[in-house]
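> Chains as they are written, first to last, in my numbering: chain F, 6 to 234; chain B, 6 to 234; chain R, 692 to 925; chain S, 692 to 925.
These are computed hints drawn from the structure, not numbers from a lab.
Even for Gly, the Cβ is constructed at its ideal location relative to N, Cα and C.
Among these hints, one or two may not hold up.
[What the hints assert, rightly or not] Covered by chain S, per the in silico footprint, the following chain F stretches (three or more residues, Cβ under 8 Å):
| no. | stretch |
| --- | --- |
| 1 | 45-57 |
| 2 | 84-93 |
| 3 | 99-113 |
| 4 | 169-175 |
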Amino acid sequence: MTEISKIKLSNAQIAWRAAQDIPDGAYVNLGIGFPEMVARFQPDGRQAIFHTENGVLDFGPAPEPGREDWDLINAGKKAITVRPGTAFFHHADSFAMVRGGHLDVAILGAYQVAQTGDLANWSTGRGGVPAVGGAMDLVHGAKRVAVLTDHVTKSGAPKLVDRCTLPLTGLGCVTRVYTSLAVVDVEEGHFLLREKIPTITLDALQQVTGAPLHAEGQVAELVAPEDLA
Amino acid sequence: MTEISKIKLSNAQIAWRAAQDIPDGAYVNLGIGFPEMVARFQPDGRQAIFHTENGVLDFGPAPEPGREDWDLINAGKKAITVRPGTAFFHHADSFAMVRGGHLDVAILGAYQVAQTGDLANWSTGRGGVPAVGGAMDLVHGAKRVAVLTDHVTKSGAPKLVDRCTLPLTGLGCVTRVYTSLAVVDVEEGHFLLREKIPTITLDALQQVTGAPLHAEGQVAELVAPEDLA
Amino acid sequence: MDKRAEAADAVSHVFDGATVMIGGFGGSGAPIELIHALIDHGVKGLTVINNNAGNGHVGLAALIEQGQVDKLICSFPRSADPRVFTDRYLAGQIELELVPQGTLTERIRAGGAGIPAFYTPTGYGTDLAEGKPTAEFDGRMYVQERWLKADFAMIKAELADAHGNLTYRMAARNFNPIMATAATTTIVQATRMVELGAIDPEHIITPGIFINHVIEVPRPAQEEELNRAGAVYP
Amino acid sequence: MDKRAEAADAVSHVFDGATVMIGGFGGSGAPIELIHALIDHGVKGLTVINNNAGNGHVGLAALIEQGQVDKLICSFPRSADPRVFTDRYLAGQIELELVPQGTLTERIRAGGAGIPAFYTPTGYGTDLAEGKPTAEFDGRMYVQERWLKADFAMIKAELADAHGNLTYRMAARNFNPIMATAATTTIVQATRMVELGAIDPEHIITPGIFINHVIEVPRPAQEEELNRAGAVYP
Numbered sequence: 006m007t008e009i010s011k012i013k014l015s016n017a018q019i020a021w022r023a024a025q026d027i028p029d030g031a032y033v034n035l036g037i038g039f040p041e042m043v044a045r046f047q048p049d050g051r052q053a054i055f056h057t058e059n060g061v062l063d064f065g066p067a068p069e070p071g072r073e074d075w076d077l078i079n080a081g082k083k084a085i086t087v088r089p090g091t092a093f094f095h096h097a098d099s100f101a102m103v104r105g106g107h108l109d110v111a112i113l114g115a116y117q118v119a120q121t122g123d124l125a126n127w128s129t130g131r132g133g134v135p136a137v138g139g140a141m142d143l144v145h146g147a148k149r150v151a152v153l154t155d156h157v158t159k160s161g162a163p164k165l166v167d168r169c170t171l172p173l174t175g176l177g178c179v180t181r182v183y184t185s186l187a188v189v190d191v192e193e194g195h196f197l198l199r200e201k202i203p204t205i206t207l208d209a210l211q212q213v214t215g216a217p218l219h220a221e222g223q224v225a226e227l228v229a230p231e232d233l234a
Numbered sequence: 006m007t008e009i010s011k012i013k014l015s016n017a018q019i020a021w022r023a024a025q026d027i028p029d030g031a032y033v034n035l036g037i038g039f040p041e042m043v044a045r046f047q048p049d050g051r052q053a054i055f056h057t058e059n060g061v062l063d064f065g066p067a068p069e070p071g072r073e074d075w076d077l078i079n080a081g082k083k084a085i086t087v088r089p090g091t092a093f094f095h096h097a098d099s100f101a102m103v104r105g106g107h108l109d110v111a112i113l114g115a116y117q118v119a120q121t122g123d124l125a126n127w128s129t130g131r132g133g134v135p136a137v138g139g140a141m142d143l144v145h146g147a148k149r150v151a152v153l154t155d156h157v158t159k160s161g162a163p164k165l166v167d168r169c170t171l172p173l174t175g176l177g178c179v180t181r182v183y184t185s186l187a188v189v190d191v192e193e194g195h196f197l198l199r200e201k202i203p204t205i206t207l208d209a210l211q212q213v214t215g216a217p218l219h220a221e222g223q224v225a226e227l228v229a230p231e232d233l234a
Numbered sequence: 692m693d694k695r696a697e698a699a700d701a702v703s704h705v706f707d708g709a710t711v712m713i714g715g716f717g718g719s720g721a722p723i724e725l726i727h728a729l730i731d732h733g734v735k736g737l738t739v740i741n742n743n744a745g746n747g748h749v750g751l752a753a754l755i756e757q758g759q760v761d762k763l764i765c766s767f768p769r770s771a772d773p774r775v776f777t778d779r780y781l782a783g784q785i786e787l788e789l790v791p792q793g794t795l796t797e798r799i800r801a802g803g804a805g806i807p808a809f810y811t812p813t814g815y816g817t818d819l820a821e822g823k824p825t826a827e828f829d830g831r832m833y834v835q836e837r838w839l840k841a842d843f844a845m846i847k848a849e850l851a852d853a854h855g856n857l858t859y860r861m862a863a864r865n866f867n868p869i870m871a872t873a874a875t876t877t878i879v880q881a882t883r884m885v886e887l888g889a890i891d892p893e894h895i896i897t898p899g900i901f902i903n904h905v906i907e908v909p910r911p912a913q914e915e916e917l918n919r920a921g922a923v924y925p
Numbered sequence: 692m693d694k695r696a697e698a699a700d701a702v703s704h705v706f707d708g709a710t711v712m713i714g715g716f717g718g719s720g721a722p723i724e725l726i727h728a729l730i731d732h733g734v735k736g737l738t739v740i741n742n743n744a745g746n747g748h749v750g751l752a753a754l755i756e757q758g759q760v761d762k763l764i765c766s767f768p769r770s771a772d773p774r775v776f777t778d779r780y781l782a783g784q785i786e787l788e789l790v791p792q793g794t795l796t797e798r799i800r801a802g803g804a805g806i807p808a809f810y811t812p813t814g815y816g817t818d819l820a821e822g823k824p825t826a827e828f829d830g831r832m833y834v835q836e837r838w839l840k841a842d843f844a845m846i847k848a849e850l851a852d853a854h855g856n857l858t859y860r861m862a863a864r865n866f867n868p869i870m871a872t873a874a875t876t877t878i879v880q881a882t883r884m885v886e887l888g889a890i891d892p893e894h895i896i897t898p899g900i901f902i903n904h905v906i907e908v909p910r911p912a913q914e915e916e917l918n919r920a921g922a923v924y925p
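Please put together the full structure from these sequences, using the hints given.
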């Protein structure tokens with residue numbers, strides 16, 4: 006564990022890696038929190054179009070502090086801006102975009118991802134006030150549903166698992182997982198390892214993964230820039 | 006029969022009578038053809054707001070000949086005009102207004118109306134090319150569904166019947182019928198005679214009606230202006 | 692026809708035990724002045740439908756704090772300061788029906804459009820679909836969801852005319868147009884009243900057919916700003 | 692990203708046997724130039740979804756007259772001059788699925804919104820609901836209807852930008868915005884291309900996410916006017 010925490014990618018590096026898979030002009034929804042970071046790392050020459058489920062398409066970055074207009078926010082209730090091409094619409098139209106399969110990619114956080122593609126990311130199952138928001142909608146409809154996550158929990162338990170033990174967000178919905186150690190696809194009920202950081206062995210990676218990692222041919226090296234902010 | 010054809014109200018008079026029941030500010034859909042005539046006879050000081058299911062609310066009358074804009078038409082594909090308050094919307098929003106119960110009145114033509122409120126107004130059942138348009142939608146949702154019709158067919162057969170023999174538009178949907186001889190409500194599975202023209206006896210009216218006419222107290226006189234254009 | 696009214700008069704029809712949709716997503720599009728008028732009206736036992744559960748001590752949070760809400764139907768009862776709802780919920784003083792956001796949205800839209808039930812992939816196989824009918828279409832499983840309707844909707848618009856034709860302001864549009872369609876009586880607070888015909892027919896987002904009462908509130912309070920200032924209502 | 696294209700290129704992807712939604716209500720909003728490009732393309736065996744069945748010998752009527760349509764899904768196959776469809780239909784050369792107009796509309800909207808099935812009161816107890824599942828909700832009977840999707844949608848807009856953000860013109864809006872959402876590939880003919888950002892974000896009716904190809908057609912033909920002039924295509 007100590008070793009892994011030293012070699013693993015930062016959240017910014019995970020977000021950077023996910024951003025490399027987004028083509029120019031893709032329609033993308035970034036989940037609240039960590040996934041929002043993906044917007045910062047779009048490769049030069051590519052411009053994704055971001056959707057926020059409260060009813061804005063193709064919005065711009067956060068305004069300068071003090072310049073916020075609280076009628077212009079994203080799903081995380083953070084202030085955003087308009088840019089040429091921005092469109093406003095109501096919630097039913099917004100979730101028609103989501104549920105109707107019009108997003109190219111949804112990028113979300115996770116508590117657990119199962120090898121079947123099941124996702125648990127809305128409830129720790131520990132009581133308190135439950136809250137789901139748009140998570141259960143976003144996992145259905147987008148052509149690709151990608152997850153950004155640490156490879157293990159803070160206590161070292163695998164987050165890529167055989168079966169989710171936490172309350173599910175959706176069944177069989179995740180297509181790719183970007184972790185702090187690897188890039189893993191979900192295909193036909195198993196994990197397919199696509200990339201891993203060079204400083205971990207396959208065995209060590211398997212040990213912190215809760216279900217078998219399969220591979221087809223070469224597993225590529227997962228290398229992200231060091232100096233990401 | 007000869008006698009009835011001499012004493013009966015004209016279509017304009019039937020439309021006039023129906024118009025008297027429309028309060029100021031009511032949201033109204035007039036079916037294609039004969040029912041469209043109702044718009045001409047709004048009492049002074051009252052202004053209904055007309056809906057056309059192709060996507061316009063609160064439109065104005067037909068333009069002068071030669072001034073038509075064929076992007077601005079009603080459900081009958083006749084040219085209309087805008088006026089202060091006009092709104093445009095798409096078909097799904099338009100039928101949400103219809104199906105969602107937001108219209109105060111829909112006024113339609115009929116082949117047959119049954120005492121149960123069943124309506125047949127879309128198909129003569131004789132083959133050819135079937136066409137339904139919005140008829141089946143309009144009969145569900147409006148708070149009142151009124152029918153304008155001759156009391157009998159051209160061959161003298163009753164149009165107010167025990168059971169419809171023609172293909173149905175909707176079950177139990179008609180609330181009031183304005184005929185060339187009478188005003189009849191549909192209540193709890195029977196016809197309730199509200200008004201009749203003074204020149205026909207109750208017996209004679211019953212004879213040209215295909216189901217029993219009930220009455221509660223006084224049957225009012227149905228009198229319409231003579232000089233309607 | 693003139694639908695203009697005063698806030699106190701318009702909300703005076705809201706009765707004990709009524710179901711009330713309240714527009715807004717967080718503070719954007721929340722009809723703060725109408726909610727406060729409802730607090731002044733003092734009605735009890737409400738079922739409220741909103742995306743959230745209030746923030747701080749104004750607007751919906753204040754309505755809950757006054758003990759006027761028995762049940763909340765929402766997708767995300769969290770906010771920067773959700774204490775009012777959280778405390779009452781954990782004490783068992785308020786019922787919560789948690790609905791995925793897109794399903795909440797579509798249920799409201801269905802209520803307004805006369806669709807009593809529909810099927811959605813959202814929530815299938817999760818705790819939030821427990822006990823709901825399911826069906827397979829084209830090899831995929833779906834959950835049947837029912838429409839949502841309300842006795843009253845209270846919404847916030849930008850421009851309004853006397854017939855209730857409305858526009859909205861940026862992301863403050865959110866739930867407002869769909870809630871306007873799903874209530875028996877819809878009350879709107881608009882930031883600016885304009886002459887009939889002043890809104891281009893192409894730009895009207897909510898046609899007046901859905902609106903019953905229009906209240907002009909020229910400089911509406913913004914929940915986010917009230918909370919940053921530590922406001923408490925009443 | 693730039694979605695601008697030529698009509699011939701955009702329609703060249705339409706394949707034999709494809710399902711094609713065509714916008715418009717009668718002639719208003721009918722994308723005549725796109726339909727004529729599809730005639731030039733010469734594809735066969737199409738299933739067409741439109742409210743009507745064409746009028747005269749241009750647009751949809753011409754597409755049918757060329758024998759390119761095997762099946763029509765519509766609500767009202769009548770018009771001032773419906774002979775092309777009528778003759779083929781009575782000769783058994785074209786299949787007709789007749790759908791109540793609001794149900795047609797809602798099925799398309801459902802296709803675009805990821806709702807595989809819904810219940811509607813429309814048509815219950817009539818010939819047009821024969822064989823369809825029914826269910827009771829709150830004491831009233833409803834018919835279950837399925838979504839409609841298409842391989843292609845061809846629509847007509849007023850303004851467009853390079854991302855496919857669109858406005859429409861008056862009652863020509865009709866089916867166009869909902870068909871835009873329900874097809875794998877949506878092709879739009881717009882009367883005027885404008886710069887990105889030139890359409891106010893509040894006034895965009897169809898956001899570009901639903902659009903694949905935008906063709907500028909500066910002076911579009913109007914079906915009604917073509918027919919009054921006795922036009923025939925090709």
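> If any of the earlier hints don't hold here, list their numbers in rising order.
4
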